[in-house]
Amino acid sequence: MKTRYRKWLSLGVMASLSCYILLGSATPVYAMHIAEGFLPVQWAIFWWAVSLPFFLVGLRSLTHITQQKPELKLLLALAGAFTFVLSALKIPSVTGSCSHPTGTGLGAVLFGPSVMSVLGGLVLLFQAVLLAHGGLTTLGANMFSMAIVGPFMAYGIYHLMLRFGNQAVAIFLAATLSDLITYLTTAVQLSLAFPALQGGFLASLFKFVGIFAITQVPLALCEGLLTVLVWNWLQKHGKQELQMLNVFEGH
Amino acid sequence: MSKLSSNWLLMGGILVLALGPLLVLQGREFGATDGHFITAIETDHPDYKPWVEPVIKDSGPEVQTFLFAAQAGIGAGVMGYILGLYKGRSERRERDEH
Numbered sequence: 002m003k004t005r006y007r008k009w010l011s012l013g014v015m016a017s018l019s020c021y022i023l024l025g026s027a028t029p030v031y032a033m034h035i036a037e038g039f040l041p042v043q044w045a046i047f048w049w050a051v052s053l054p055f056f057l058v059g060l061r062s063l064t065h066i067t068q069q070k071p072e073l074k075l076l077l078a079l080a081g082a083f084t085f086v087l088s089a090l091k092i093p094s095v096t097g098s099c100s101h102p103t104g105t106g107l108g109a110v111l112f113g114p115s116v117m118s119v120l121g122g123l124v125l126l127f128q129a130v131l132l133a134h135g136g137l138t139t140l141g142a143n144m145f146s147m148a149i150v151g152p153f154m155a156y157g158i159y160h161l162m163l164r165f166g167n168q169a170v171a172i173f174l175a176a177t178l179s180d181l182i183t184y185l186t187t188a189v190q191l192s193l194a195f196p197a198l199q200g201g202f203l204a205s206l207f208k209f210v211g212i213f214a215i216t217q218v219p220l221a222l223c224e225g226l227l228t229v230l231v232w233n234w235l236q237k238h239g240k241q242e243l244q245m246l247n248v249f250e251g252h
Numbered sequence: 367m368s369k370l371s372s373n374w375l376l377m378g379g380i381l382v383l384a385l386g387p388l389l390v391l392q393g394r395e396f397g398a399t400d401g402h403f404i405t406a407i408e409t410d411h412p413d414y415k416p417w418v419e420p421v422i423k424d425s426g427p428e429v430q431t432f433l434f435a436a437q438a439g440i441g442a443g444v445m446g447y448i449l450g451l452y453k454g455r456s457e458r459r460e461r462d463e464h
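Going down the list, the sequences are from chains A and B. Residues in the first sequence are numbered from 2 upward in steps of one, following our numbering. Residues in the second sequence are numbered from 367 upward in steps of one, following our numbering.
Check the hints yourself; a few may be wrong.
Result set (DSS-like, lysine-lysine): computed pairs, CA atoms no more than 25 angstroms apart in a straight line [said to hold, decoys possible]: (1) Lys74(A) with Lys453(B); (2) Lys70(A) with Lys237(A); (3) Lys208(A) with Lys415(B); (4) Lys74(A) with Lys240(A); (5) Lys91(A) with Lys208(A); (6) Lys423(B) with Lys91(A); (7) Lys453(B) with Lys237(A); (8) Lys453(B) with Lys70(A); (9) Lys74(A) with Lys237(A); (10) Lys70(A) with Lys240(A); (11) Lys453(B) with Lys240(A).
What the hints contain is simulated information worked out from the structure, not anything from laboratory work.
The task is simple: from the sequences and hints, build the whole structure.
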């Protein structure tokens, strides 16, 4: 890498770190999985109905991949394990509140977004049943935000950014933005179900988003960096698999 | 910058982002996001009653810690196994080529 580029990079890192620490104000935060029973019946059913088709399509492409290219099963397990780990980690953020990353970006870029709706859905199911984190009635809604909107965003951003060249940047942005959009979706879902008495939907959306935004930004960046780390490793040691998946297409 | 040193930079960034807040906001108790969520709904919509209970109820912070640690541990184990396998495989291939 050229020295000039390196200088700019370190300057950027320093500037963003100082911004990050300065932003450390303290507000409580609302985010992530909607708890069991905390969506009215009609909304719970609605989000289940929206998410189910994606899940079924994902299931089909998952069986397709395992049948056509069984040697990719390990990589599939890796993508699943990545979301599994990341969604277990409640990371402290500058706002004095903890929240967790989603980890769906990696798998979405590797296998396509619909596969991640299955893997992400399984992670959510695990957390809903065993950890009382999220819930079965709200699983549809949580799946929609974390396992559908997030991965689709990651996939879209990745292929869009690939046109401008740098792959690492494309991966980073895909993972970071998919994390943020997941939270944004949750905020939208909650505002739809619980519009403010004064101001309605928009007022409560503003409230929800305003509060989680700052907490989630550093975590999203963290997730982006982690995803690039795993990606670098895969590029070095799993070239065969990556070529098989034609992730470099999309120009 | 070589690939290796950029990986170290990435790791450094992750550590700073994850542990930085602990240093900056020392001694404060960090809340969990999901809890705040519920309080927000309860204050704004006091009439709303959750209509389902979790299958396995929350058994307190100790059990929570165990379950979350188990989740992370299982996931990290699987990831380590696969990444290690890939590395061993690619190194063997390189050796065979020479």
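Hints, verified against the model:
For the hint linking Lys74(A) to Lys453(B), the alpha-carbon distance of about 16 angstroms falls within 25 angstroms, and the restraint holds. Between the alpha carbons of Lys70(A) and Lys237(A) the distance comes to roughly 21 angstroms, so the proposed pair stays at or under 25 angstroms and holds. Proximity of Lys208(A) to Lys415(B) is assessed by CA-CA distance (about 21 angstroms); at most 25 angstroms being required, the pair is judged to hold. The straight-line distance between the Cα atoms of Lys74(A) and Lys240(A) is roughly 15 angstroms, inside the 25 angstroms bound, and the hint therefore holds.
The straight-line distance between the Cα atoms of Lys91(A) and Lys208(A) is roughly 22 angstroms, inside the 25 angstroms bound, and the hint therefore holds. Distance restraint check for Lys423(B) and Lys91(A): the Cα-Cα separation of roughly 20 angstroms lies within the 25 angstroms cut-off, and the hinted pair is therefore satisfied. A distance of roughly 8 angstroms separates the Cα atoms of Lys453(B) and Lys237(A); the hinted pair therefore holds under the 25 angstroms criterion. Straight-line distance between C-alpha atoms of Lys453(B) and Lys70(A) comes to about 20 angstroms, which keeps the hinted pair within the 25 angstroms bound.
For the hint pairing Lys74(A) with Lys237(A), the CA-to-CA distance comes to about 19 angstroms; that is within 25 angstroms, so the pair holds. Taking the CA atoms of Lys70(A) and Lys240(A), the gap is about 15 angstroms. The hint holds against a cut of 25 angstroms. A threshold of 25 angstroms between alpha carbons decides the hint, and for Lys453(B) with Lys240(A) the separation of about 11 angstroms falls inside it, so the pair holds.
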